[in-house]
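Enquirer: Sequence:
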Amino acid sequence: MIFDEFVSKVDAGFLHLKRFLPCRIQFLPFALCPLLLACGGVPQTFYYTLAKAPITPVETTGNNHGTLAAVLGVEKFKTETIYEDDRLIYRESPVEVKYDHYRRWAARPAQLVTDEIIRQIDGKRLFKNVISVPSAAHVDYILRGKILAFEEWDRGEQWFGKVAFKVELYEASSRRLVWRGDFDCETPAEKRLPVSVVQAISQSLHECVEELMLKLAEELKS
434 MIFDEFVSKV
444 DAGFLHLKRF
454 LPCRIQFLPF
464 ALCPLLLACG
474 GVPQTFYYTL
484 AKAPITPVET
494 TGNNHGTLAA
504 VLGVEKFKTE
514 TIYEDDRLIY
524 RESPVEVKYD
534 HYRRWAARPA
544 QLVTDEIIRQ
554 IDGKRLFKNV
564 ISVPSAAHVD
574 YILRGKILAF
584 EEWDRGEQWF
594 GKVAFKVELY
604 EASSRRLVWR
614 GDFDCETPAE
624 KRLPVSVVQA
634 ISQSLHECVE
644 ELMLKLAEEL
654 KS
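Using our numbering, the first residue of the sequence shown is number 434, and each one after it goes up by one.
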C-alpha cells in the first residue's frame, strides 16, 4: 500500500514536470523521477481566480434607453460533469480530458462564472438591479445557465483559453421562457504558461458575457 502510494505520487509529479519542462528534459529515464521528487518534494499547488475586466455602464443616448426598469435574478450556473472539479482542465483532443493536479481554481467553475456574470451585468447597469437567486427579494426575470467549456486548449505551439455556456431567460411571475442563447469564445494565451491561460479564459468569459448582455438588451428593449 505504501509503495503504491509512492508510485502514484511519482507518476503525478512526473506528468506535472513533463508539461512545463523543455522537450529534451522530458525524456529523462523514468528511474530518475524518484530522485527528482525526493530532491524537490511534491510540487507546490497553485490556486487561480478570474481576472476582472473593467466595466463601462450603458449610456442613455440616441436609441439607447439605458437601464431597464427590471430586476434580474441569476441562478448559480450548472456545469457539465467534468467541470465540477476545481482542477484546471487542459485538452489536446475533443475526446481526452486532462486535469492539472497542482493548478486549481480558488472556487469551483460554476461559482466563478456565476459571480462574474452577476458582476458584469450589474456593473453595466443594464438592469435596475442584479442579484443571486434564490432570494426573498423581488425579481422580474431569472437567468439560468450551464457551463459547456471552461478550459485550456493546446494546439501545437499555441495555447488557448476556451469558455462556452448556454442560458435561458424566464419571466419570474409566469415562469415563461422568454429567450435562450448559446455563447462560445476562445482566446489565445500570450505565453505557454498556466497564468497566461487563466487570463485567456478570463478574457473569453468576459467576451461571452458582453455578447450575452447585447442579446438581453435586444430582447428586452425591443
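Calculated from the structure, these hints are not laboratory results. Just so you know, even glycine gets a beta-carbon here, dropped at the ideal spot from N, CA and C. Please note: incorrect hints may appear among the correct ones.
Said to hold, decoys possible - Per label pair, the in silico range of CB-to-CB distance:
{"no.": "1", "residue 1": "V491", "residue 2": "E601", "range": "14 to 24 Å"}
{"no.": "2", "residue 1": "R608", "residue 2": "E643", "range": "39 to 49 Å"}
{"no.": "3", "residue 1": "S568", "residue 2": "A540", "range": "38 to 48 Å"}
{"no.": "4", "residue 1": "R588", "residue 2": "K561", "range": "36 to 46 Å"}
{"no.": "5", "residue 1": "E601", "residue 2": "R552", "range": "36 to 46 Å"}
Enquirer: Are the hints correct? Go through all of them and say.
Expert: To see whether the hints hold, each was checked on the structure:
no., hint, in the structure
1, V491 to E601: 14 to 24 Å, "holds (23 Å)"
2, R608 to E643: 39 to 49 Å, "violated (28 Å)"
3, S568 to A540: 38 to 48 Å, "violated (20 Å)"
4, R588 to K561: 36 to 46 Å, "holds (43 Å)"
5, E601 to R552: 36 to 46 Å, "violated (20 Å)"
The earlier numbered hints that this structure contradicts are 2, 3, 5.
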